[in-house]
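Chemist: Given the structure of chain U, go ahead and fit chain S onto it with the hints provided.
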Amino acid sequence: MNKIFNILEKSLPFVFGFCVLLFFGLVYPHHMHYHEQFQLFLTTPDFFLEIAAKPGGISDYLGMFLTQFFLFSWAGAAITALLIMSLQWLIHTIAHKIRPARAWFALSFIPPIFYWILLCNENFLTGGIVSILVALGAWLAYFYLKNTTTRRLYVMLAIPVIYWLAGGSAFIFTFGCLAVEWLRDESSRGRIMTTGLSILIMGLCLFTAKVILPQYPFARLIYGADFFRFPKTYPSGVWVMWLFCLVVPLSHLMLPAVFKKTRNLALAGIVTLIAVAGPGAYMISINTDTAKEDIMAYDHYVRMQQWDKAIARADRKAPSSPLSVACLNLSLCKSGMMSDYMFRYYQNGPEGLIPTFARDFTLPMVTGEVYYHLGFINTAQRFAFEAMESLPNYWKSGRALKRLAETNLINGQYAVARKYLEILQHTLFYKAWANHVIPYLEDEALIGGHPEWGNLRKHRTKTDFFDSEQEKDMMLGILLQQDLTHYMAYEYLLAYCLLTKDLERFVQYFPLGSELRYERLPYSYQEALLYHWSLSHEDPFRTVPYPISEDVMRNMATYQNLYLNSSNPEEVLKKNHSGTYWYYLHFRK
Amino acid sequence: MRKILIIPALAAILWSGCTADISKAELRTAPPQIFPDYCEVTVPCNIAPMHFQMSDNAIQMLVTAEGADGCVIQVKTKKVVTFGQSAWKDLVASSAGSGIKVTVHAKYREEGWVRYEPFTIHVSPVPINDYLVYRLIAPGYEVYSKMGVYQRDLTSFRETPLLENTLIPGNCMNCHSFSGNHPEKMSIHVRGELGGTILKTGDKIEMLNTKTDETGGNCVYPYWHPSGEYVVYSVNQTIQAFHSIRERRIEVIDLASDIVVYHPQSKQILTPDLLRTDAFETFPSFSPDGRTLYFSSSQFQNIPEAYEKIRYDLCSIAFDPQTGAFGDHVDTLIHAAAMGKSISFARPSPDGKYIMFTLSDYGNFSIWHKEADLWLYDLKDGSLREMKEVNSDDVESYHSWSSEGTWFVFSSRRLDGLYTRPFFASIDKEGNITKPFLLPQCKPLEFYNMNLYSYNVPEFITEKVDWDLKKVEKALNTGQRDKVEVRR
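Protein chains in written order, with this note's numbering: chain U, 1 to 589; chain S, 1001 to 1488.
Honestly, the hints are just simulated from the structure, not real lab data. Misleading hints may appear alongside valid ones.
Claimed, not checked - Below are the BS3-like pairs computed for lysine-lysine, each with C-alpha atoms no more than 27 Å apart in a straight line: (1) S/Lys-1435 <-> S/Lys-1380; (2) S/Lys-1470 <-> S/Lys-1185; (3) S/Lys-1341 <-> U/Lys-462; (4) S/Lys-1309 <-> U/Lys-472; (5) S/Lys-1309 <-> S/Lys-1370; (6) S/Lys-1309 <-> U/Lys-462.
With the rest of the complex left out, here is chain U (with noise of 0.2 Å):
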């Protein structure tokens, strides 16, 4: 029995960590990128002094450190599981040294399964690990101290050190600590003092930390370490943590460690395990946001440039938000397929194909990506600077500090060009990058030979006008008509008013594209064609003098009769026609 516990034992963490990496790999790889794209982490003394200058700063700095490298998911997902892996280590091993008990093996597991569960949500930030193993390894090295006062001196001096690491993370050692001398120290006197100075200590971490950052509110200062990215939420799930952190290690104080039968611990184990590992499974299951990932995919995709990715997950599964829908559409006019296959998809109106500037700092930089391709140049800058500036934790994004330099090169702003590239020069994984791009500043040969921005220069906006909202399509236009072979602007424009319903404008504007000389007419072309010849026309099929071809001619005829025949024509046209534009036109909000 022992041997397979102790098989287990050593196993266990391992095929756990295992299950932590495909989940992060697999499930959720592109929340690794999510992160690591709302951080920028500079290698300069100063960035670290400035991270560093808070209780629980330095965790923070760590969890940064290692969240640059989930640029790579599959890293980002190793880099977690290790993570979550080194937590239930180190909770299985202070349970150890407090009280030998096998058959609870299993409840080590606690903790980290609740993080993971916490992780589940994108804003929960790797720092705040980072915080609680700094804490719970400070926790374990007590332990290696045999000598009272030793022990003691310890804790009294570890408080504070702690408290500036990990932040309120100190809670669990200051507890841990305190409970285990509690039971070890008889004397009450000795309880009582040493309890008191360390709870004292803990208070004074608190009181001195208030007068030196006086500019932090208080609760913020408890908490310490950036656990989660919007400070203003101080979420409850932290305190559970740190509880679960401490209690689970200390029931092994009240849990029996010894069965009289061998068969009685071997079940006790059996059943904890189930116990944790059952609830676990399903608690990470009902946390996980396959919907959020989803839409982080498609970002990730169009940020990549790999559009194909985008059309092949697409083809895997239609995206329905307004942001993957963009993405797509993005993606499609790309690779030159909007307009014959946007249709095909989930098209929810104007809101997917450039959607309404939000003060967040997911949406704009989405939808930044989509006018810097279309050539808007100062609108993409102003949407990444603004997701930069949106982030709750009032931190920088390489991201969108690589698009801030991108757009100030293409614009001829050089100085300014030149000071972010320097910035990310600071950068791991994007100082190749700023070192290619160096050389192109006041090079305009270079630039204009550029595949993207010499291209982006040509289509950018040259005449001024207000952004709006509202006018989207009078962007577009303006767009076009400085330069009649950009096909983007066309291909945006044309879908600007077929997916806002605007027929009337469509055909007005459709012959903008005569120069770009399409070798057949695309498909939603000419479905929005013939559609709207038809609604003045007789005999459509015949009189049409677009270049209209069999296959769409005979669709429309079988969907007109369907459509006028039907009792429920939403449903019978779902079938074979749900890909058309006239579908759309009908049946899409």
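Modeler: Relative to the frame of chain U, chain S by itself:
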């Protein structure tokens, strides 16, 4: 005196290792390209050490800074020329009224040592006010991240926050203003969930809600009356619009604006009819004698379509501080609209001789106008002059005077075209203006390159603001705001 002797002695030891090299240095007739550009600038005798570094790829520098009385500092460095605080203090003190001769030897990988033409840092015997208060904020659009109002000791590098939005996350603060450069009386607005105007008078902290039905909005741009008995504000309804071409980014436009005067003692607002018209009135300031109110005024235009036609003149109206009564007419001092220009931030000098203002092509939010420059209006003879000595090809915008009127600080985007930095210059009794210098920093190039915040609304104060932040935090968080009333 001992220090003065020791420093050269120590430096001479360090120096001796290089003398063999630099004796063969190639001579250049031009001064070195350094950052910040301190060549031939004039600095106050109490300014912080003016560390600098080469703008080019020099790998080593040997610098001699020689004061008027022979006091010398020698620095050998690979990167930043750093002067010790006390040695620098002695050097500037001993050079007050004359200058510091700076000789730079720079070593290059290929060329070896080069000796540049020495340059002078002129030292004015007039000290600058000890503190500069400014807001640090990213030069963004509608959203703001971390920001704060800070006070910087100009005699050292010490910067301390007055109020940061880490304390009140998600809120914004702006328009800090002091009564006559003294920190005793101050006002700051907070915008957002915990919005209100913080008014500090001595140790007393009040939180005001300055919005009234009659005035239609919150008080915005402030200026204290020299007596400290009144604060004049503009009340602006502002929108932002975003340009689409590379040369322009943002337009900040007033839909409506008026001027009101707040009397803290009675918590009443005075609303002169002549300043509450359909025209746009903004950026008010009082004359040093407190008997005239200056402001910018533009004729009404349809917004936003006619935004480029809004041009502000410099106007004035009489004010009686005893009664709070206003004159019966408005004078137009500078008819800028007729010149096709627009005036913002009229700031009278403490001696009442000049009004310094920002001149741009149109509108009032000149920080987004590349053409914006500083101009000087002579109140005695009514003459106008462009302050060419301090203007650049980029934006010069907000400015303020030191308490005695020799020094002034102004915002400029000349370094990179976007991030606003504070520059200082002086003007003497004859109206001679000196070459401006950038706010000194410990590692200037690294600091200004890595810094992602603009210096907003730089204001001099004579001493450090000392306020009870706990009281401020409590006042902000209680949500209680004292209502102000309009005096009828």
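Chemist: None of the hints should be skipped; say for each whether it holds.
Modeler: Outcome of the hint check:
| no. | hint | in the structure |
| --- | --- | --- |
| 1 | S/Lys-1435 <-> S/Lys-1380 | holds (25 Å) |
| 2 | S/Lys-1470 <-> S/Lys-1185 | holds (18 Å) |
| 3 | S/Lys-1341 <-> U/Lys-462 | holds (25 Å) |
| 4 | S/Lys-1309 <-> U/Lys-472 | holds (26 Å) |
| 5 | S/Lys-1309 <-> S/Lys-1370 | holds (17 Å) |
| 6 | S/Lys-1309 <-> U/Lys-462 | holds (21 Å) |
Against the hints set out earlier in the document, no violation occurs for any number.
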